[in-house]
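The residues making up each chain are set out below.
There are 2 protein chains.
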Amino acid sequence: MSVTNSAGRKLPDTIAGTEYKPFTKAHKNNCDSKVVSLKKALQKSGLKEGQTISFHHQLRNGDYVVNHTLDVIRDAGIKNLRLAQTALFPIHEPVIDHIKDGTINRIEGSINGSVGDYVSKNPLSSPVVLRSHGGRWAAVKNDELHVDVAIIAASAADNRGNCTGLIGKSAFGPICYSQVDAMHADTVIVVTDNLVDRPCGFQEINEGYVDYVVEMDRIGNPNDIVSGSLKVTNNPQKLHIARQCIDLMNALGLIKDGLIFQAGAGGISLAALQYLDKTLEKNNVVAACETGGFTKFIAEMHRKGLVKNAYGLQCFDVESIKYIAETRRLITDIGHYADPSSKGRFLDGLHATILGATEVDTNFNVNVNTHSDGRLLHGIGGHQDSAAGAHLTMITVPVYRKTIPVIRDAVTTITTPGDIIDAIVTDQGIAINPKRKDLLDKLEGKENVNIVSIESLKEMAYDETGGPPNLDLGDDIVGITKWRNGELLDVIYQVKD
Amino acid sequence: MSVTNSAGRKLPDTIAGTEYKPFTKAHKNNCDSKVVSLKKALQKSGLKEGQTISFHHQLRNGDYVVNHTLDVIRDAGIKNLRLAQTALFPIHEPVIDHIKDGTINRIEGSINGSVGDYVSKNPLSSPVVLRSHGGRWAAVKNDELHVDVAIIAASAADNRGNCTGLIGKSAFGPICYSQVDAMHADTVIVVTDNLVDRPCGFQEINEGYVDYVVEMDRIGNPNDIVSGSLKVTNNPQKLHIARQCIDLMNALGLIKDGLIFQAGAGGISLAALQYLDKTLEKNNVVAACETGGFTKFIAEMHRKGLVKNAYGLQCFDVESIKYIAETRRLITDIGHYADPSSKGRFLDGLHATILGATEVDTNFNVNVNTHSDGRLLHGIGGHQDSAAGAHLTMITVPVYRKTIPVIRDAVTTITTPGDIIDAIVTDQGIAINPKRKDLLDKLEGKENVNIVSIESLKEMAYDETGGPPNLDLGDDIVGITKWRNGELLDVIYQVKD
Chain A
0 MSVTNSAGRK LPDTIAGTEY KPFTKAHKNN CDSKVVSLKK ALQKSGLKEG
50 QTISFHHQLR NGDYVVNHTL DVIRDAGIKN LRLAQTALFP IHEPVIDHIK
100 DGTINRIEGS INGSVGDYVS KNPLSSPVVL RSHGGRWAAV KNDELHVDVA
150 IIAASAADNR GNCTGLIGKS AFGPICYSQV DAMHADTVIV VTDNLVDRPC
200 GFQEINEGYV DYVVEMDRIG NPNDIVSGSL KVTNNPQKLH IARQCIDLMN
250 ALGLIKDGLI FQAGAGGISL AALQYLDKTL EKNNVVAACE TGGFTKFIAE
300 MHRKGLVKNA YGLQCFDVES IKYIAETRRL ITDIGHYADP SSKGRFLDGL
350 HATILGATEV DTNFNVNVNT HSDGRLLHGI GGHQDSAAGA HLTMITVPVY
400 RKTIPVIRDA VTTITTPGDI IDAIVTDQGI AINPKRKDLL DKLEGKENVN
450 IVSIESLKEM AYDETGGPPN LDLGDDIVGI TKWRNGELLD VIYQVKD
Chain Z
0 MSVTNSAGRK LPDTIAGTEY KPFTKAHKNN CDSKVVSLKK ALQKSGLKEG
50 QTISFHHQLR NGDYVVNHTL DVIRDAGIKN LRLAQTALFP IHEPVIDHIK
100 DGTINRIEGS INGSVGDYVS KNPLSSPVVL RSHGGRWAAV KNDELHVDVA
150 IIAASAADNR GNCTGLIGKS AFGPICYSQV DAMHADTVIV VTDNLVDRPC
200 GFQEINEGYV DYVVEMDRIG NPNDIVSGSL KVTNNPQKLH IARQCIDLMN
250 ALGLIKDGLI FQAGAGGISL AALQYLDKTL EKNNVVAACE TGGFTKFIAE
300 MHRKGLVKNA YGLQCFDVES IKYIAETRRL ITDIGHYADP SSKGRFLDGL
350 HATILGATEV DTNFNVNVNT HSDGRLLHGI GGHQDSAAGA HLTMITVPVY
400 RKTIPVIRDA VTTITTPGDI IDAIVTDQGI AINPKRKDLL DKLEGKENVN
450 IVSIESLKEM AYDETGGPPN LDLGDDIVGI TKWRNGELLD VIYQVKD
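Quick note, the sequences are listed as chains A and Z, same order. Per numbering that gives the first Met the number 0, the first sequence starts with residue 0, numbered consecutively. Per numbering that gives the first Met the number 0, the second sequence starts with residue 0, numbered consecutively.
Treat the hints as calculated values from the structure; they're not laboratory data. Nothing here was measured: the structure is a model prediction, and the numbers come from that model. Errors might be hidden in some of the hints.
[Stated by the list, open to error] Pulled from the structure, derived: some chain A residues nowhere near chain Z, Cβ distances all over 12 Å:
hint: 1; residue: Lys39
hint: 2; residue: Asp74
hint: 3; residue: Pro235
hint: 4; residue: Thr278
hint: 5; residue: Gln427
hint: 6; residue: Glu463
hint: 7; residue: Asp471
[Claimed, not checked] Derived DSS-like pairs: lysine-lysine, alpha-carbon spacing no greater than 25 Å straight-line:
hint: 8; chain 1: A; residue 1: Lys47; chain 2: A; residue 2: Lys99
hint: 9; chain 1: Z; residue 1: Lys24; chain 2: A; residue 2: Lys342
hint: 10; chain 1: Z; residue 1: Lys321; chain 2: A; residue 2: Lys140
hint: 11; chain 1: Z; residue 1: Lys321; chain 2: Z; residue 2: Lys307
The beta-carbon is built from N, C-alpha and C at its ideal position, and this holds for glycine as well.
Required output: the full structure, derived from the provided sequences and hints.
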């Protein structure tokens with residue numbers, strides 16, 4: 000059959016067995032501003048009872064966006080939402096009120112600090128779901144965690160939604176957690192305190208993914224978004240642990256041209272980085288890449304040519320944000336970093352990573368989520384991802400803290416399974432996972448590294464502390480830890496108030 | 000029910016009504032090199048009869064990858080493939096042999112030059128499907144065009160698949176067409192002649208999307224990949240047309256701070272850019288952005304501060320590639336540029352665009368695909384996309400070429416519907432689409448712009464040429480043009496040999 004289409008052409012409706020819809024209308028693209036109020040944006044999104052809203056945590060303890068948005072939602076009378084933030088901080092204590100008033104009844108994401116403390120004692124209708132950075136990315140991508148409305152804080156955005164976290168008074172580093180929300184949420188709302196001319200000069204998320212742009216006076220308090228100046232530890236015990244990490248890498252022959260390593264922004268990690276910096280310089284070695292969190296220490300190593308590449312990802316200080324903006328370094332996202340469902344992550348083949356823990360057990364299982372009193376106070380972060388990616392995963396811990404043994408028979412919560420933990424680097428020596436015979440062989444006869452058994456570390460801890468205190472937990476499950484592929488790794492029980 | 004998982008935890012299988020799979024195994028990520036031979040990569044992809052393979056065209060007439068890959072496929076005896084390249088060039092004449100020997104039986108994508116000529120006379124089993132840049136992106140994204148195996152040429156790649164077109168002996172500009180193939184094809188093969196240390200210093204496509212990396216001696220001939228040095232026309236007729244485009248923009252008040260414009264790499268466009276450059280400088284105006292193809296002329300305007308931003312997209316000369324690599328300008332992709340199925344394109348709200356045509360009719364319909372003898376010799380490119388995005392879409396054409404009227408009663412093929420074409424800028428004056436009363440009102444009484452009717456231009460053309468020659472086409476349909484949303488715009492009939 001022939002049909003005359005709107006361009007006036009009489010054309011068959013089927014050609015070589017394929018049916019075609021006739022052309023109906025050409026029109027100019029809509030290029031209206033997407034700027035509306037938050038209330039209007041939420042209304043237009045059709046957000047309703049039972050749905051899921053997401054946020055990123057890159058404004059950290061300076062964030063004003065989560066609290067403000069929840070207030071607007073509460074005022075609109077929408078109840079029983081699932082909160083799917085990448086992390087909450089102490090500033091988000093008002094979330095507790097939103098739990099009490101019924102605005103929020105489920106949480107999937109990290110709950111650092113007071114909300115964690117509250118939820119530990121007051122279970123939600125479903126347990127808090129904790130995923131690693133990569134695990135969350137995969138869950139949103141693969142629709143295990145469907146986001147109805149994503150609210151994405153940006154330190155600069157234009158009126159069509161191109162946006163960044165790299166410039167402006169509330170700069171927090173490249174937006175790197177929310178691209179997956181932008182790609183998969185039904186409605187995407189960018190919230191900024193810095194509306195700039197189109198096109199925005201940096202664009203970690205572009206207008207193709209954005210429905211609405213909302214202007215706020217301030218998206219956060221710059222003093223609490225990033226550290227003004229990160230400090231290396233000067234605690235001799237921690238410096239000793241840091242030193243041993245580099246000695247271990249050295250003994251294993253890992254400090255050579257092409258090294259790819261990760262160290263975070265904690266005191267021990269930063270100290271280790273400084274030792275590494277000196278070692279690279281002394282040995283005239285050039286590392287290939289630093290991954291994970293970005294700090295002025297990495298920027299400085301890059302500037303000096305000690306490391307060829309560094310990915311702009313989560314930034315922990317003002318200097319590192321400026322460095323990325325000025326040098327326009329490689330900017331990437333958490334999917335590239337850690338998505339377990341992709342065809343490859345930049346963590347794959349990491350030569351060494353330095354991670355922390357609240358507890359480690361004699362099976363090398365690591366806990367970073369709960370304190371030894373059972374309270375859920377931290378998220379998983381990139382812990383599982385980095386451990387799975389690295390040839391040498393080092394956990395830096397003291398053998399005990401005050402009266403609590405860190406090394407113990409069993410961790411309160413399993414965050415990262417012992418199978419992928421390679422070395423526990425403590426103030427009393429280094430325990431190598433017996434499964435890593437390759438490492439043990441290489442370390443045979445090496446001086447400079449004090450290899451001890453995990454059991455001996457545990458015994459020291461128990462001797463000094465009298466062992467773990469008795470934990471009297473309730474039967475209700477307040478949280479779960481998932482492995483990167485979504486499998487159930489452990490549960491977190493209620494703490495009796 | 001409780002299950003003991005592989006981490007030794009006895010956990011319920013259902014919590015708050017949700018069932019969980021127990022944790023089975025943690026393992027280190029695989030970080031093996033992905034480098035294999037092309038033959039092996041294709042074998043592992045499981046490519047088989049009837050499937051679809053895709054390529055980008057950014058190596059243009061210097062490309063060695065398409066021909067080589069088709070040879071390997073032919074040698075493997077795989078038949079009846081659908082070729083879904085973004086464009087073919089004269090260098091791809093061997094594709095004709097692969098049509099004849101049955102390796103290829105369908106094509107979706109531009110066929111510039113000899114393959115177009117051949118297919119015009121020798122219909123394939125289905126017509127060639129022509130889509131705009133944005134239309135193709137949407138078709139792959141939305142699975143209208145499913146790609147089984149994407150073969151992506153890169154001028155540098157590391158052994159895990161991070162890759163770029165910005166550096167190396169065969170640099171062709173940022174890879175910008177293939178991200179959608181990388182995201183949606185079942186198997187993704189990166190082909191490079193420049194295997195670099197991981198991580199590759201630029202990464203338009205990252206390892207998360209890549210299955211295999213293949214090394215070739217040369218992916219192309221640099222002399223034909225990009226122009227060594229683009230030349231502005233010195234033809235007085237063309238210079239006059241270029242000048243009129245800028246005069247028209249000026250008369251419409253478009254040349255002011257914040258201007259967003261597009262001009263391609265054709266002779267008239269380049270001349271218009273140079274006039275624009277002078278006009279901006281003279282009037283002390285700063286444009287906000289240049290979109291579309293990138294050339295040394297844009298780089299120079301950016302360097303001089305005459306345009307604040309320019310997106311790194313398709314590059315047409317060596318200088319522009321170097322400029323993007325050195326300054327690390329905003330790099331983006333065709334989805335952001337033009338995807339009609341996204342929430343916004345950077346073409347939206349373009350103040351003005353300058354486009355070419357083979358023919359224009361009195362309804363302002365434009366043909367860029369076929370010559371007036373009916374042969375399908377060109378793709379759609381960004382023509383539809385840019386016309387739909389721009390407030391002022393200008394088509395620059397002479398009234399006639401040799402003995403052929405360019406302005407005519409009806410175009411041979413409709414590429415872009417007249418509804419979104421605003422001005423036909425010719426050597427004999429400018430015809431404004433009567434639907435654009437707003438433009439006509441603004442131009443009332445303006446000197447410097449010679450406004451004429453489209454009919455009068457057509458009459459001039461017919462007077463000089465005697466009108467269009469009779470076209471004696473066959474009944475077989477050799478190609479179709481699609482509107483950006485996939486609707487059937489027009490068909491292209493067989494040319495009798």
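Do the hints match the structure? See the list:
no.	hint	in the structure
1	Lys39	holds (17 Å)
2	Asp74	holds (27 Å)
3	Pro235	holds (33 Å)
4	Thr278	holds (20 Å)
5	Gln427	holds (26 Å)
6	Glu463	holds (26 Å)
7	Asp471	holds (19 Å)
8	Lys47/A x Lys99/A	holds (18 Å)
9	Lys24/Z x Lys342/A	holds (19 Å)
10	Lys321/Z x Lys140/A	violated (35 Å)
11	Lys321/Z x Lys307/Z	holds (18 Å)
The structure is inconsistent with hint 10 alone, although it conforms to all the rest.
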